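Read left to right, the sequence shown gives residues 1 to 428 (full-length UniProt numbering).
Hints in this document: simulated from the structure, not taken from any laboratory. Careful: at least some of the hints might be erroneous.
[Said to hold, decoys possible] Simulated crosslink set (EDC-like; lysine to aspartate or glutamate; CA at most 20 Å straight-line):
1. K208 - E180
2. K153 - D246
3. K206 - E171
4. K208 - D136
5. K176 - E215
6. K153 - D186
7. K141 - D395
8. K206 - E279
9. K139 - E396
10. K176 - D136
11. K366 - D395
12. K208 - E174
13. K196 - E180
14. K339 - E296
For clarity, every value in this text was computed on a predicted model and none was experimentally measured.
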Amino acid sequence: MDQSKKRVVPLQLDWYSPRRLHDSPTQYEFPGDRFIPNRSLMNLDQAHCLLTNKIKEVHNPNFGKGYREMLRQSLTLDSEGRPFRMLVFRGSPKSRRKRNYAIDEMRRDIDAEVLSNGIKQHESRRLPTKEVKVLDAPKIKDDFYVNLMDWGKNNVLAVALGSALYLWNAENQEVKKLLEVQGDNDYPTSVAWSEKATSLAIGCMKSKLQIWDPETSKCIRSLGGHQSRIAAIAWNGHTLTTGSRDRSIINHDVRVRNSPTSRIQAHTEEVCGLKWSSEGNVLASGGNESFIYIWEASKMSSSNFLHRFNAHNQAAVKALAWCPYQFNICGLEWNRHHKEILSGHGYGNSGVQNHLCLWKYPSMTKVGEINRHGRRVINLSQSPDGLTVVSAGGDETLRFWEIFGPPRVENSASDFENLLSFKTSLIR
């Protein structure tokens with residue numbers, strides 16, 4: 001027969017499919033007929049071409065029927081004529097290790113604990129119906145622009161009442177009068193603890209700025225630079241930043257005698273809100289003209305701001321707070337244990353006058369609201385553990401709320417324990 005006229009039949013696709021050896025004496029725990037290729041060793045362009053193009057018929061007079069049969073036997077039969085397949089992909093040989101029932105029991109316990117904690121974490125949050133404590137705050141200034149209260153890491157609340165400033169110890173409930181501002185129509189208008197709560201900065205109506213030692217009850221520094229009342233103060237390490245009705249922001253280095261290091265005047269009206277990010281590299285400032293400016297710490301001497309926001313168009317921007325778990329977000333009083341924001345409200349047409357409102361982040365859906373103050377909410381401050389919030393109202397009361405709730409139950413296993421975990425995960 002003329003072999004030159006013989007037509008070569010394309011190979012069937014299933015011939016390429018690797019199959020399990022049924023007659024193999026080895027037992028496999030995960031026998032399989034598939035494998036995960038290493039794509040770095042493959043020519044994907046060539047593979048795509050072969051898959052999408054039709055297989056061309058090959059005509060070669062040198063490849064006769066006898067040659068092809070011999071080649072097939074060499075690739076599929078061993079020397080004794082038994083089926084043999086090259087490049088067979090199998091599962092791993094069955095382990096001879098005995099089953100460890102103790103580990104299996106531990107796995108079940110861990111899974112049950114994770115499931116239980118997951119259910120607890122997704123329970124709906126409920127707001128308290130009333131405060132846990134109420135303190136009288138006579139003579140507190142019902143002024144929207146001032147910041148009269150701050151809760152330090154030493155668990156001491158500093159609050160200005162009239163011309164005097166008091167310290168309330170949350171652990172032993174003791175009250176201490178730290179100072180009283182002298183002079184006609186002069187009184188504290190802003191208060192801020194240093195980061196370690198070793199010093200207290202106090203700004204006054206007539207531009208006075210002082211740093212006090214709460215342990216000795218003595219003034220340790222007097223700083224200048226402003227021409228009108230200081231409504232906002234923020235610490236950033238050894239830098240004390242102040243904002244004033246004179247529309248300026250001043251950075252003071254409290255370590256040196258000539259303390260002002262930079263002065264910015266971008267706001268066109270009173271600066272009534274200041275807050276440094278937790279990393280200390282960015283400052284947010286809010287003004288009575290309803291603008292928010294974001295400043296880089298390294299470029300504040302040039303007065304070039306990083307961002308300017310003007311979405312607020314009805315009132316001054318006073319309440320500023322940086323998100324504790326996402327440092328580029330600015331908001332109000334953030335919950336450190338849940339993704340929530342607490343806002344205190346005053347006068348307006350929003351239907352939440354004098355209310356405290358809790359919001360989910362980032363959806364900004366309202367969780368609920370509380371209406372217990374007889375007049376508008378002036379200030380909010382949070383305890384060091386992040387569980388309690390105190391609100392100061394124009395009704396001359398300080399109200400304490402366990403509104404942020406306990407932190408979520410997290411897995412207590414360390415990173416090393418997680419690395420040696422008994423849990424397993426399959427590739428597919």
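Report task. Mind checking the alpha carbons of K208 and E174 for me, to see if they're no more than 20 Å apart? Result -> Answer violated: K208 to E174 is near 28 Å, above 20 Å.
Report task. Decide if the proposed pair is consistent with the structure: K153 and D246, CA atoms, cutoff 20 Å inclusive. Result -> violated (31 Å)
**Report entry** 20 Å limit on alpha-carbon distance, applied to hinted pair K176 and D136
**Finding:** holds (15 Å)
Query raised in the report: Is the hinted pair K366 and D395 satisfied, with a Cα-Cα distance of at most 20 Å?
Result: Answer violated: K366 to D395 is near 25 Å, above 20 Å.
**Report entry** 20 Å limit on alpha-carbon distance, applied to hinted pair K139 and E396
**Finding:** holds (7 Å)
Query raised in the report: Under the criterion that the straight-line Cα-Cα distance not exceed 20 Å, is the pair K208, D136 satisfied?
Result: violated (27 Å)
Query raised in the report: Is K153 close enough to D186, meaning Cα to Cα at most 20 Å?
Result: violated (28 Å)
Query raised in the report: Has the given pair, K339 with E296, been kept, meaning a C-alpha gap of at most 20 Å?
Result: violated (26 Å)
Requested in this report: Given the hint that K206 pairs with E279, test it: the Cα-Cα distance must not exceed 20 Å.
Outcome: violated (32 Å)
Query raised in the report: Regarding the pair K196 and E180, is the alpha-carbon distance no greater than 20 Å?
Result: violated (24 Å)
Report task. Starting from K206, check that the Cα of E171 is at most 20 Å away, please. Result -> violated (34 Å)
Query raised in the report: Between K176 and E215, does the CA-CA distance stay at or below 20 Å?
Result: With Cα atoms ~11 Å apart, K176 and E215 stay inside 20 Å; holds.
Going through the hint list in order, the structure does not satisfy hints 2, 3, 4, 6, 8, 11, 12, 13, 14.
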